[in-house]
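Sequences listed follow chains A and B, in order.
Just so we're aligned, residue 115 is where the first sequence starts under my numbering, counting upward by one.
Just so we're aligned, residue 115 is where the second sequence starts under my numbering, counting upward by one.
No wet-lab data here; the hints were simulated from the structure.
Some hints here could point you the wrong way.
No distinction is drawn between identical chains; accordingly, a pair holds when it is met within one copy or between any pair of copies.
To be verified - Calculated lysine to aspartate or glutamate pairs in the DMTMM-like style (CA-CA distance at most 20 Å, straight line):
1) K126 x E448
2) K139 x E171
3) K219 x D491
4) K139 x D529
5) K222 x E517
6) K139 x D293
7) K139 x D491
8) K185 x E152
One letter stands for each residue in the lines below.
There are 2 protein chains.
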Amino acid sequence: MSEVREMLVAAKTAARKFMNTSGEKRNEALFAIAEALEDQAEAILAANDLDIEAAKEKIGEVMIDRLRLTKERIAGIAKGVREVAALPDPLARNLQTIVRPNGLKIEKIAVPLGVVAIIYESRPNVTADAAALCIKSGNVCVLRGGSNAYRTSAKIVGIMKVALVKVGLDENLVNMPTDTSRQSATELMTAVGLVDVLIPRGGAGLIRSCVENAKVPCIETGTGICHLYIDESAELDTALNLVENAKTSRPSVCNAEEVCLVHRSIANAYLPALKARLVENRIADGKPPVELRLCERAQKIVDGVAATETDFDTEFLDYILAVKIVDSVQEAIEHIAAHSTGHSDGIVTRSEENARAFVAGVDSAAVYVNASTRFTDGGEFGKGCEIGISTQKMHARGPMGLEELTTYKYVVYGDGQIR
Amino acid sequence: MSEVREMLVAAKTAARKFMNTSGEKRNEALFAIAEALEDQAEAILAANDLDIEAAKEKIGEVMIDRLRLTKERIAGIAKGVREVAALPDPLARNLQTIVRPNGLKIEKIAVPLGVVAIIYESRPNVTADAAALCIKSGNVCVLRGGSNAYRTSAKIVGIMKVALVKVGLDENLVNMPTDTSRQSATELMTAVGLVDVLIPRGGAGLIRSCVENAKVPCIETGTGICHLYIDESAELDTALNLVENAKTSRPSVCNAEEVCLVHRSIANAYLPALKARLVENRIADGKPPVELRLCERAQKIVDGVAATETDFDTEFLDYILAVKIVDSVQEAIEHIAAHSTGHSDGIVTRSEENARAFVAGVDSAAVYVNASTRFTDGGEFGKGCEIGISTQKMHARGPMGLEELTTYKYVVYGDGQIR
Chain A
115 MSEVREMLVA
125 AKTAARKFMN
135 TSGEKRNEAL
145 FAIAEALEDQ
155 AEAILAANDL
165 DIEAAKEKIG
175 EVMIDRLRLT
185 KERIAGIAKG
195 VREVAALPDP
205 LARNLQTIVR
215 PNGLKIEKIA
225 VPLGVVAIIY
235 ESRPNVTADA
245 AALCIKSGNV
255 CVLRGGSNAY
265 RTSAKIVGIM
275 KVALVKVGLD
285 ENLVNMPTDT
295 SRQSATELMT
305 AVGLVDVLIP
315 RGGAGLIRSC
325 VENAKVPCIE
335 TGTGICHLYI
345 DESAELDTAL
355 NLVENAKTSR
365 PSVCNAEEVC
375 LVHRSIANAY
385 LPALKARLVE
395 NRIADGKPPV
405 ELRLCERAQK
415 IVDGVAATET
425 DFDTEFLDYI
435 LAVKIVDSVQ
445 EAIEHIAAHS
455 TGHSDGIVTR
465 SEENARAFVA
475 GVDSAAVYVN
485 ASTRFTDGGE
495 FGKGCEIGIS
505 TQKMHARGPM
515 GLEELTTYKY
525 VVYGDGQIR
Chain B
115 MSEVREMLVA
125 AKTAARKFMN
135 TSGEKRNEAL
145 FAIAEALEDQ
155 AEAILAANDL
165 DIEAAKEKIG
175 EVMIDRLRLT
185 KERIAGIAKG
195 VREVAALPDP
205 LARNLQTIVR
215 PNGLKIEKIA
225 VPLGVVAIIY
235 ESRPNVTADA
245 AALCIKSGNV
255 CVLRGGSNAY
265 RTSAKIVGIM
275 KVALVKVGLD
285 ENLVNMPTDT
295 SRQSATELMT
305 AVGLVDVLIP
315 RGGAGLIRSC
325 VENAKVPCIE
335 TGTGICHLYI
345 DESAELDTAL
355 NLVENAKTSR
365 PSVCNAEEVC
375 LVHRSIANAY
385 LPALKARLVE
395 NRIADGKPPV
405 ELRLCERAQK
415 IVDGVAATET
425 DFDTEFLDYI
435 LAVKIVDSVQ
445 EAIEHIAAHS
455 TGHSDGIVTR
465 SEENARAFVA
475 GVDSAAVYVN
485 ASTRFTDGGE
495 FGKGCEIGIS
505 TQKMHARGPM
515 GLEELTTYKY
525 VVYGDGQIR
């Protein structure tokens with residue numbers, strides 16, 4: 115039996131015992147983990163130094179920064195684990211009680227998913243975050259991170275295992291294969307009956323590979339080609355603030371805006387102001403300017419790069435914004451239907467009627483009226499945390515918190531009923 | 115573009131319009147469909163005769179019976195469609211309203227899944243049932259049934275399409291490929307971005323093929339190796355009634371019992387009584403007797419066929435019951451963990467403590483205390499209908515009714531909030 119398969123068999127056994135552990139005990143584990151991570155920060159940093167040394171020739175500075183831990187970042191990770199412990203117990207939920215005419219009492223109760231596999235990139239903080247969310251929700255996790263962070267993540271997982279054992283829990287609640295080749299990822303994707311849910315976290319390529327190859331239930335996450343549509347009735351200042359925020363506050367994340375649709379009757383007023391806001395003012399303020407990629411009609415109003423057709427189907431994750439003029443809210447809705455990834459799309463408007471039409475017509479996980487798409491996030495939605503943002507419709511949609519890491523079972527109480 | 119792909123593109127477009135259709139309009143469509151099916155019963159029966167004639171040499175009498183329609187069965191189908199119309203609108207649900215400190219108002223509202231593909235066997239009644247459930251829940255369906263029922267199903271779909279157009283809806287809300295080869299099924303399973311959810315309905319082979327090959331989100335349904343555990347404290351009569359009902363009331367369905375676990379301290383009293391009830395009494399009453407497949411210890415108490423190891427991992431769907439003596443409720447739980455498909459498993463007991471242990475320890479979609487496993491059914495659970503019974507943990511578990519055919523979206527209302 116391969117390492118991954120052996121790990122999964124042990125994980126499944128551990129999951130059955132863990133599913134009935136009290137919320138108190140799960141929190142005890144989280145506090146023990148937070149403390150252990152802080153206590154052993156030096157050892158984690160030593161492993162991290164080795165990872166960074168080895169990765170330096172292979173990856174660029176941005177990726178190195180995502181890989182790097184510091185004492186402060188470790189303290190931040192530990193704080194995050196304690197914050198997860200403080201959240202409400204997602205398993206303490208009786209979702210429904212049904213009493214049938216024949217006297218059967220059916221209770222629908224929240225239970226853990228079981229074994230959750232997470233495939234992610236070389237980000238050591240995800241190792242601790244994902245494990246904390248799984249422990250809090252009664253799930254066993256198998257963490258398959260990127261190879262560049264292997265030493266750091268392995269150290270973190272080792273520390274977590276010892277902390278689990280210290281509070282009387284099974285070390286197999288948190289697992290990480292030593293194999294970081296494609297092979298271990300493929301094994302996780304195809305372990306039918308052993309992996310209850312697979313969650314990929316990372317770039318479009320990783321997610322696509324999981325969706326294409328997974329035989330176990332998989333949740334598609336993260337890719338965001340997000341739109342803001344500036345309606346003819348939009349308040350100009352609001353429309354400028356929202357687009358600047360959605361585009362520039364953190365361009366590398368999935369809820370950042372990639373495309374701005376503008377109603378033709380406001381375009382002459384809006385586009386020059388937008389260009390001033392996103393290009394000239396930002397240069398004057400020493401901030402990175404946004405490259406505007408303009409449709410033909412927009413090019414007649416302001417200067418900018420001519421947009422190609424692929425610009426409206428690209429998750430730039432950069433200071434680039436595709437701009438298109440449309441004739442109506444309906445055309446905006448149609449464009450979004452054809453080009454959005456169904457993550458987050460919004461309208462800026464003062465018309466209740468157009469807001470209603472947009473909300474009804476746009477089939478995305480989050481649909482905004484007069485707010486930045488950047489709010490699509492577990493914390494901002496009041497969930498207190500986030501394991502990922504689902505862009506599929508099955509199981510969960512949008513930010514996934516602790517409740518989305520649970521399923522339910524029906525418990526049926528009778529006194530001899532037959533059918 | 116292939117037929118299936120063209121169909122899916124049209125289905126996706128139709129789904130976007132259909133998602134905002136009122137509950138009234140969807141019900142109007144269902145009533146029009148019910149009426150049309152009754153009105154054109156003769157044409158359906160003519161198509162059905164051709165199907166049966168062609169299938170006679172290929173399939174056995176049981177399968178022919180599932181394929182056969184009669185005037186009464188068509189009336190039953192139409193009645194079923196009207197009953198679906200009478201159920202509450204699953205889209206008229208605001209699932210949650212969150213008001214954030216920054217003033218954002220987030221509404222989590224129920225919406226249709228979108229395009230639902232259903233792959234099923236040669237059962238014309240499923241064609242109408244599945245379409246009705248999808249229409250009621252605002253979904254567009256692609257129905258890929260077995261080839262032996264093709265003419266009948268195509269006629270039913272044709273009638274439904276005309277009825278949809280008559281009430282002003284799109285004929286593309288209900289779709290069926292003319293290709294009934296493996297190719298069309300494979301295309302549905304791999305149409306990433308066009309099929310929102312795939313639901314296989316049928317035997318273990320069909321479901322396995324979908325789970326293994328699907329790249330689109332798929333719900334594993336139906337396979338049921340269901341257990342009843344007779345605890346040492348069980349009331350004998352109750353235990354006999356429940357096992358007879360769970361095993362013999364309809365052995366061919368997924369919620370029928372396949373395995374009976376018996377506590378050793380009640381086995382001497384229970385097993386002879388069980389044999390009398392399931393074998394001798396049934397023969398005397400002219401009913402089909404149950405073949406008992408006994409573990410070694412059980413064979414020392416009553417006569418019967420010696421069970422092989424595979425008998426405890428087989429969905430017999432027949433008058434066969436595997437019987438095993440266990441030493442404790444814990445051993446019963448362990449056996450179920452190792453051999454159950456996670457569909458429906460129960461305990462017969464008078465001990466609250468053992469009931470609690472069993473309910474906590476068994477991780478199946480439905481866990482029973484003193485009732486027949488046969489109740490795992492949308493109707494019996496008060497859902498009024500059923501598109502299938504999920505045996506996976508993602509999205510839905512157990513009987514799936516109208517609510518399980520929906521997802522949700524978040525609508526976020528702001529007045530210019532930025533992050």
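Outcome of the hint check:
1. K126 x E448: Result: close only across copies, 12 Å inter versus 45 Å intra.
2. K139 x E171: For K139 and E171, the Cα distance exceeds 20 Å both inside one copy (44 Å) and across copies (63 Å).
3. K219 x D491: Between copies only: 14 Å across, 37 Å inside.
4. K139 x D529: neither (34 Å within a copy, 43 Å between copies)
5. K222 x E517: both (14 Å within a copy, 14 Å between copies)
6. K139 x D293: neither (31 Å within a copy, 56 Å between copies)
7. K139 x D491: neither (28 Å within a copy, 36 Å between copies)
8. K185 x E152: The answer is within: 8 Å in one copy meets 20 Å, while 74 Å across copies does not.
Against the hints set out earlier in the document, violations occur for numbers 2, 4, 6, 7.
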